[in-house]
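**Q** As you go down the protein sequences, you meet chains A and B in turn. Per the numbering used here, the first sequence starts with residue 1, numbered consecutively. Per the numbering used here, the second sequence starts with residue 1, numbered consecutively.
Bear in mind the hints are in silico, worked out from the structure with no lab data behind them. If you're wondering where the values come from, they're calculated on a predicted model, not measured in any experiment. Heads up, the beta-carbon is just placed ideally off N, CA and C, and yes, glycines get one too. Heads up, a few of these hints could be off.
Straight-line distance between alpha carbons at most 25 Å, and here's what the computed SDA-like set of lysine to any residue pairs gives [claimed, not checked]:
1. 80/A to 32/B
2. 45/B to 61/A
3. 45/B to 111/A
4. 67/B to 7/B
5. 67/B to 83/B
6. 45/B to 29/A
7. 67/B to 15/A
8. 67/B to 23/B
9. 67/B to 52/B
10. 80/A to 83/B
11. 45/B to 39/A
12. 43/A to 11/B
13. 43/A to 45/B
14. 43/A to 42/B
15. 67/B to 83/A
16. 67/B to 43/A
17. 80/A to 70/A
18. 80/A to 11/B
19. 43/A to 99/A
20. 80/A to 22/B
21. 80/A to 23/B
22. 43/A to 22/B
Stretches of chain B that chain A covers, calculated by requiring three or more beta carbons in the stretch to come under 8 Å of a beta carbon on chain A [unchecked claim]:
23. 52 to 61
24. 772 to 778
25. 867 to 873
Reference excerpt, derived from the structure (chain A facing chain B, CB under 8 Å, subset only) [claimed, not checked]:
26. 25
27. 28
28. 30
29. 44
30. 46
31. 50
32. 54
33. 58
34. 75
35. 78
36. 79
37. 80
38. 83
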Amino acid sequence: MTDKSDSPSGLVQGTLDMLVLRVLALEPLHGYGISVRIQQVSKGVFDVNPGSLFPAFRRLERAGYIRPQWRVTEHNRRAKYYALTPSGARHLERETNEWRRQTAAIAAILGQA
Amino acid sequence: MTLIARVRSAAAGLRALWRSRADEQALHDELTAFVDAAADDLIAKGVDPETARRHARRTLGNPAVIKEDTRAAGWDHTLEMLWQDARYGARAMRRTPGFTSIIVLTLGLGIGGNAAILGVVDTLYFQALPFPRPDRLLRLQDSAPGPAGDRRLFGMHSQNVAEAAGRSDLFASTVAMFEEDLTITGGADAERVTVISRTAGWHDTLGIEPAAGRDFTTDEERRGRASGVALVSDALWRRRFGGARVGTAVLHLDGRPFVIVGIMPSGFRFPYEADVWIPHVVNPAEHGRDYAVFARMVDGRTLPQVRTAMDLLSARLRAEYADELPGYAIAANMLRKSLVGSEADTSLALIPVVAFLLLLACVNVATLLLARSVARRKESAVRAALGATRLRQVRQSLAEAVLLAGCGGIVGVLLAGWIAPALVTLVPANLVRQLGMRPPGIGWPVIGISAVLSVAAGVACAVLPLVGGRAGSAPSLREGGRGSAMDSPRSRRTLDGLAAAQLVLAILLLSGAAAMVENLLALQRRNLGVAATGLLSLVVTPSIDAYPDGTTRAVLARRIVDRMSDIPGVTAAGITTVNPFGGSSWGASVIREGHDTGSRDAIQVNHRLVTPVTFRAMGIPLLQGRDFTWDDAAGGEPVAIVSERMSHQLWPGEDALGRRLRIARPGQPWLTVVGVVGDVADARDRGDPDITWYLPLLQFAGTPAAADLHLMLRAPSGVMADVRGQLAGIDPTLAAYDVSEMDDFYARTLDRNRVGAVTITVIGAFGLLLAALGVYGVMSFGVAERTGEIGVRMALGATRHAIMSFVFARAARLAAAGLVVGSAGALIVRRVVASFLPAVPQSGLGPSVLAAAALVVVIACACYVPARRATRVDPLIALRR
């Protein structure tokens with residue numbers, strides 16, 4: 001492992017949790033599925049390191065924002081799927097709003113300069 | 001995280017602790033599934049399965065690290081790590097039982113000492129008094145200026161009791177009580193018991209109800225003693241009335257019957273170790289009776305407000321009774337303060353001492369741990385190489401130290417429980433014996449204190465070595481098996497510093513111990529003005545009914561002295577009304593002829609009534625004039641004898657004989673001074689002796705001050721049987737009590753000082769031993785780690801003598817540093833200790849010299865063995881290593 005830092009390349013600290021929740025808001029996914037989906041949606045900008053993904057799952061699961069479930073994959077294998085819980089959905093909404101507020105503010109400052 | 005999320009996270013963590021193995025498996029499966037899914041994805045894109053799997057595994061990264069990071073995401077992980085640290089620490093402890101037991105014992109003594117003393121402090125200050133809302137309770141006392149400008153407290157005069165009780169704006173209720181010793185008659189054998197007469201405010205003020213039976217009714221309280229009812233202590237009930245019924249059992253006190261209507265709770269004997277309580281009504285007009293007065297403050301009132309109001313009241317009373325009450329005031333104190341009083345001084349003096357002991361123990365253990373951590377440098381290098389972070393390593397040593405200290409804490413609690421009974425003397429008797437409060441011992445406070453101290457001590461032991469910087473922050477494996485374990489001068493300096501700190505602390509402890517021992521010796525050597533050895537004292541209280549007036553009492557006193565003098569072995573016998581070594585005291589306001597114009601001229605003196613020969617019996621020297629004779633009786637010329645101090649104070653540079661004095665109340669006769677006797681000190685009061693006047697008992701036998709007759713017999717203690725026989729021959733109801741040899745009596749008043757001095761001496765000796773071990777440890781470690789250097793020196797021709805001085809030079813530097821700092825500290829400690837113990841002069845070189853000498857001896861001993869070892873180093877072997 002070359003990247004020892006907790007955050008994936010260029011990812012602002014703490015935003016990984018939000019991305020995971022956002023991806024899960026569409027449908028329950030397993031670990032690999034989540035990493036692929038983040039990569040796809042971000043058009044390859046975020047290449048999520050599994051080394052920070054799994055601790056994030058554990059964190060979110062402990063906080064009750066996602067719920068794990070063993071299911072069979074499309075390739076007929078057993079995998080741990082994560083689904084968003086209602087409190088996870090609320091948390092995502094709060095975080096998203098906060099994020100929008102901050103990025104708007106930052107964009108305004110950068111736009112002025 | 002919201003609160004709910006936090007709770008959920010906590011619950012999940014707890015669950016995880018239980019099913020950690022299943023959790024591990026699930027995580028493993030999840031990572032495997034990730035690799036599988038990634039591989040499947042690639043295979044679907046046409047990559048060959050072998051390459052796809054390899055690539056998928058590379059995408060995942062190191063599964064062990066991911067697992068570690070994932071586990072670390074929950075708090076349960078921290079707990080697990082702690083548990084792991086603790087288990088590792090426990091293994092390390094088991095591997096080195098000697099080292100471990102020294103540390104555990106050292107910390108145990110430190111913690112135990114603190115727990116024991118703080119247990120005493122808990123009883124003194126923190127354990128709740130058994131009254132409802134005790135923080136609202138006050139004690140009210142009369143106070144007058146003492147001879148040395150201090151203020152003396154007395155029981156309250158009946159007039160003032162009524163004044164205070166009337167202040168409903170300040171006090172929700174008040175209760176006044178007085179104590180007398182009466183004899184239980186009518187039973188198998190006569191027994192003297194303490195009887196408390198209490199007023200109607202008892203219930204509202206103190207709120208202690210009988211455990212069986214009932215309290216006095218309002219009607220009974222209004223009628224007072226005449227109502228013929230009594231409450232008794234649980235102990236008295238069991239002793240004399242077991243099997244009888246409350247409400248019908250009758251108690252005869254000096255022949256008068258009282259129906260027992262209730263039994264007080266077990267252990268409750270407040271105040272004055274009471275056995276019996278009877279109702280009482282205060283008559284404001286009566287003279288010569290002092291009341292113990294307790295008041296419950298009105299809600300919202302504060303002690304300062306009450307004091308201000310009492311000062312105003314006192315000023316008014318002073319104006320009303322101008323000539324009688326010079327400097328008089330009413331003192332209000334919190335009940336707890338009044339109960340604990342000055343008796344807390346020894347325990348308070350011991351608090352810093354035990355704190356120093358614990359600090360010394362911690363420094364000592366820190367030294368040992370640092371030395372060991374240096375020795376375990378290789379181990380820590382291996383751990384670092386395997387990926388342990390510095391934080392993790394610090395946490396590991398913290399866990400080990402706390403574990404050691406925890407074991408020390410257990411030893412400490414056991415030790416405190418063992419020491420506590422010896423310290424019960426430090427607690428005023430009234431708290432334990434009258435209020436039934438828990439004496440110091442193993443209880444939750446002690447256990448709690450020990451637990452807190454253990455953790456604190458453990459952290460201190462682990463952190464102290466870090467203060468000077470740990471031996472190199474990046475330990476390396478390169479050193480391998482050779483080279484000195486401690487080439488960092490910083491850690492050597494830290495070790496030296498810790499050793500010197502131990503010496504400093506030991507000096508402080510020793511100087512404190514020296515001051516307390518000095519105090520005890522000064523008190524024991526103290527010239528009290530009485531020849532206490534071979535002096536027997538006992539008390540007789542003739543009943544008021546049988547001896548109602550001065551005439552009958554004077555006759556009785558003379559008969560008693562005559563009969564006592566006839567007993568073979570008794571060389572002199574007399575009666576005084578006050579035992580100067582303890583018990584109640586009487587005071588009087590006195591004015592002298594020529595200075596009797598205003599109340600400001602009145603002087604407070606000790607008031608004592610004596611028969612002839614009393615001075616000779618007690619060994620009080622007659623300095624001038626004559627002793628009283630049996631002719632100094634009622635109707636004779638009124639005379640007085642004054643103490644030497646009183647003579648000097650009232651008539652400085654003049655002859656006191658022939659001068660005239662009187663009690664500062666209108667209409668009192670003038671008394672002529674016929675003699676001057678030596679001063680007698682109050683054994684409980686460590687200051688200068690009071691000024692005292694003595695009046696002939698026969699002239700004042702009917703006054704309240706003559707209620708208790710203290711017989712003073714110059715005789716061996718074997719005569720007591722004869723004494724009792726003679727007393728019974730005069731009157732069978734005369735029971736002798738408080739029989740004591742006066743030197744024993746005085747020794748008992750020093751019990752607290754003795755316990756304190758012994759405790760601190762033991763602590764000081766232990767501190768010195770710890771310091772010696774500390775220096776020894778540092779020195780032997782120094783020799784061991786410089787074996788190579790010593791070998792080189794010897795190979796280059798250094799003599800044994802040179803090697804010895806090489807070792808001693810380091811010790812000398814340590815000792816010098818310790819001595820300089822320690823002596824400076826010792827001067828401060830002495831000042832502090834002396835402020836608690838008035839018998840100790842504040843300056844004094846003796847103890848410091850003693851402590852320094854002890855220190856030099858200790859260092860020499862501690863260095864000798866390592867120095868000898870250094871001279872035995874074989875250069876060949878040392879250099880080959």
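**Q** Given the proposed pairing of residue 45/B with residue 111/A, does the C-alpha separation stay at or below 25 Å?
**A** 43 Å, violated
**Q** Regarding the pair residue 43/A and residue 22/B, is the alpha-carbon distance no greater than 25 Å?
**A** Cα-Cα ~37 Å, so violated.
**Q** Compare the distance between the alpha carbons of residue 80/A and residue 83/B with 25 Å, and conclude whether the hinted pair is satisfied.
**A** 30 Å, violated
**Q** Can residue 75/A be said to touch chain B, with a Cβ gap under 8 Å?
**A** The hint holds - residue 75/A has a Cβ within 8 Å of chain B, the shortest such distance being about 4 Å.
**Q** Given the hint that residue 67/B pairs with residue 83/B, test it: the Cα-Cα distance must not exceed 25 Å.
**A** Status holds; Cα separation ~19 Å.
**Q** Next item in the hint list is residue 79/A. Is there a CB on chain B closer than 8 Å to its CB?
**A** 4 Å, holds
**Q** Within 25 Å, alpha carbon to alpha carbon, are residue 80/A and residue 22/B?
**A** Within the cut-off at roughly 14 Å; holds.
**Q** Taking 8 Å as the limit, does the beta-carbon of residue 58/A come near enough to a beta-carbon in chain B?
**A** 4 Å, holds
**Q** Does residue 7/B sit within 25 Å of residue 67/B, going by the straight-line distance between their CA atoms?
**A** Roughly 24 Å separates the two Cα atoms, so the pair holds.
**Q** Against chain B, is residue 25/A within 8 Å by beta-carbon distance?
**A** Residue 25/A check fails; min Cβ-Cβ to chain B is 18 Å, beyond 8 Å.
**Q** Against chain B, is residue 46/A within 8 Å by beta-carbon distance?
**A** 15 Å, violated
**Q** Residue 67/B and residue 23/B were given as a pair; does the straight-line alpha-carbon distance stay at or below 25 Å?
**A** This hinted pair holds, its Cα atoms lying about 11 Å apart.
The earlier numbered hints that this structure contradicts are 2, 3, 10, 12, 16, 22, 24, 25, 26, 27, 29, 30, 38.
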